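On the provided structure of chain U, position chain Y as indicated by the hints.
Given next are the chains, with one letter for each unit.
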Amino acid sequence: MNPSILLATTARILNQFRHDRRTVALMILMPSLLLILLRFVFNTEAAFSRAAPALLAVFPFAIMFIVTSITTLRERTTATLERLMTMPIAKLDLLFGYALAFGLVALVQVLVAVGISLTWLGLSIDGSVWLLVVIAGLDALLGTALGLFASAFARTEFQAVQFMPLFVMPQVLLCGLFAPRSEMTSVLEWLSNVMPLSYAVDALTAVTMSSDITGELVRDLAIVAACGLLALVLGAVTLRRRTP
Amino acid sequence: MTSSAAVEVTGLRVRRGKRLVLRDVSCAIPQGSVTGLLGPSGCGKTTLMRSVVGVQIVESGAVTVLGSPAGSPELRNRIGYATQSPSVYADLTVAENLRYFCAVLRAPRSDVARVIDEVGLRGHESQLVSSLSGGELSRTSLAVALLGKPELLVLDEPTVGLDPLLRDELWTLFRSLASRGVTLLVSSHVMDEAARCERLLLMRDGELLAEGTPDALLADTSARDLEQAFLSLVRAKEAA
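Chains U and Y, in that order, give the protein sequences. All residue numbers for the first sequence refer to our numbering, where the first residue is 1 and numbers rise by one. All residue numbers for the second sequence refer to our numbering, where the first residue is 1 and numbers rise by one.
Quick caveat, the hints were computed from the structure, so don't treat them as lab data. Note that the coordinates shown come from a computational prediction; the quantities given were computed from them, not determined experimentally. Heads up, a few of these hints could be off.
Computed cross-link-like contacts, DMTMM-like style, restricted to lysine to aspartate or glutamate with a CA-CA straight-line distance of at most 25 Å [stated by the list, open to error]:
id	chain 1	residue 1	chain 2	residue 2
1	Y	149	Y	198
2	Y	149	U	82
3	Y	149	Y	125
4	U	91	Y	74
5	Y	237	Y	227
6	U	91	Y	91
7	Y	149	Y	8
8	Y	18	U	82
9	Y	237	Y	220
10	Y	18	Y	59
11	Y	237	Y	215
12	U	91	Y	151
13	Y	237	Y	24
14	U	91	U	75
15	Y	149	Y	111
This is chain U alone, in the form it adopts within the complex (with noise of 0.2 Å):
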């Protein structure tokens, strides 16, 4: 790896990032307008209080997904990737580049969502503010690296898009959002239990209850953080220099 060619990679997305100021614009925003309409269909601040967590996990995590899967992929169709993988950069400088590119969007992204809901959408915790952005940027973070990683699967735009209710869906109905986790048969909790998106929403639940910072808390955290990384290696892995 070079950092060097990493951090030249990550600056080229930000650029193409500054000439599609919709789509940045699209990104920013739109876990925080779901926010702001979920609290309405609530209207109560104690029931969003309740949810807003788990969401404020959920949709950065849905929405980077997607739009990282569709933007590899793009640059999979095109011949971009063909000609950078003749040149001299490792695929790691690739994907974490993408990787550093969409986590700082997504940095912002949740900086707005948790700023709104604390401020406006009256969002009570009783935790740090700072371990709320940090777990919630982290679950966007993993919402990239699965999107990078599920972008090696799709052929066309069209399948890509459908990776989103196959890679995301069923993490968020099993997430505890809906029902809680230990309250599902064996079979669904095991799941449940084999899926990041549960741990990012057990540690952003516990943060808006508690102050305290627990073992389990870290345990939780470093669970998304590793699944994170898993994923970029196997992202890394599953592309090939040779192609059929």
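Only chain Y this time, still in chain U's reference frame:
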């Protein structure tokens, strides 16, 4: 022209899907020359070029490039490759594209201005690639291949859609690069470009029909032009 070969292909077989795209192709490309790869669309030109730059999964055979097996890591900043469909980012400007690939190749920053001049894109530096014409787009893609100091240039149909004047300028550039010792493999499906090459590889249906200088091919087939030479080679093959 030196005698050592920059590229040596022996018994190359490539299957894409169910189709055998290259069947036992063997050829050598001498260093410091412009070699034209000609043949009708779908004959395997792009697959042969992909094998040379090391991005094609091959079934059997050997491809040696600048003394190393094709696709070796040590070749990655010695080869310039321009794919047939322009491989640049449509949502970046010409200069932004070149600066990025320049960083990946760890080539000096001054290369960006040099290659912009070489392909005649001065004045278009800050234009978004998506707003370029077809010819400007393929020249941007060609410019990326010229970054750094490539010893081998593999250019897949670099002159398609260019006006005659620009085409002539690019061929002058190719010949001046070759005179500095750079080896060029340039594909085309139009026979009138064949006469501009020092050496030709004529392909059809996944096989190499003939290999040699344009004059030798004309003499061997006693044809008036290269189009006729190609036809007589095809007919001779079918009769055999």
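* Does the structure keep residue 91(U) and residue 74(Y) at a Cα separation of 25 Å or less? -> 16 Å, holds
* Asked: Taking 25 Å as the top limit, are the C-alpha atoms of residue 18(Y) and residue 59(Y) close enough?
  -> Holds, because 12 Å separates the two Cα atoms, which is no more than 25 Å.
* Asked: Is the straight-line distance between the alpha-carbon of residue 149(Y) and that of residue 8(Y) 25 Å or less?
  -> Holds, at roughly 21 Å.
* **Distance restraint between residue 237(Y) and residue 215(Y), which requires alpha-carbon spacing of 25 Å or less** => Holds: residue 237(Y) and residue 215(Y) sit about 20 Å apart, inside 25 Å.
* Is it true that the CA of residue 149(Y) sits at most 25 Å from the CA of residue 82(U)? -> 20 Å, holds
* Pairwise hint evaluation, residue 151(Y) against residue 91(U), where the allowed Cα distance is 25 Å at most -> 24 Å, holds
* For the pair supplied as a hint, residue 149(Y) and residue 111(Y), confirm whether the alpha-carbon distance does not exceed 25 Å. => Given pair residue 149(Y), residue 111(Y) holds - Cα atoms ~9 Å apart, limit 25 Å.
* For the pair supplied as a hint, residue 91(U) and residue 75(U), is the alpha-carbon distance within the 25 Å limit? -> Status holds; Cα separation ~13 Å.
* If you draw a straight line from the CA of residue 237(Y) to the CA of residue 227(Y), is it 25 Å or shorter? -> 16 Å, holds
* Asked: CA of residue 237(Y) to CA of residue 220(Y), is that 25 Å or under?
  -> Within the cut-off at roughly 14 Å; holds.
* To do: Would you mind confirming whether the straight-line C-alpha gap from residue 91(U) to residue 91(Y) stays at or under 25 Å?
  => Holds, at roughly 22 Å.
* Sort out whether residue 82(U) lies within 25 Å of residue 18(Y), counting only the CA atoms. => 22 Å, holds
Checked against the numbered hints given earlier, the structure satisfies every one of them.
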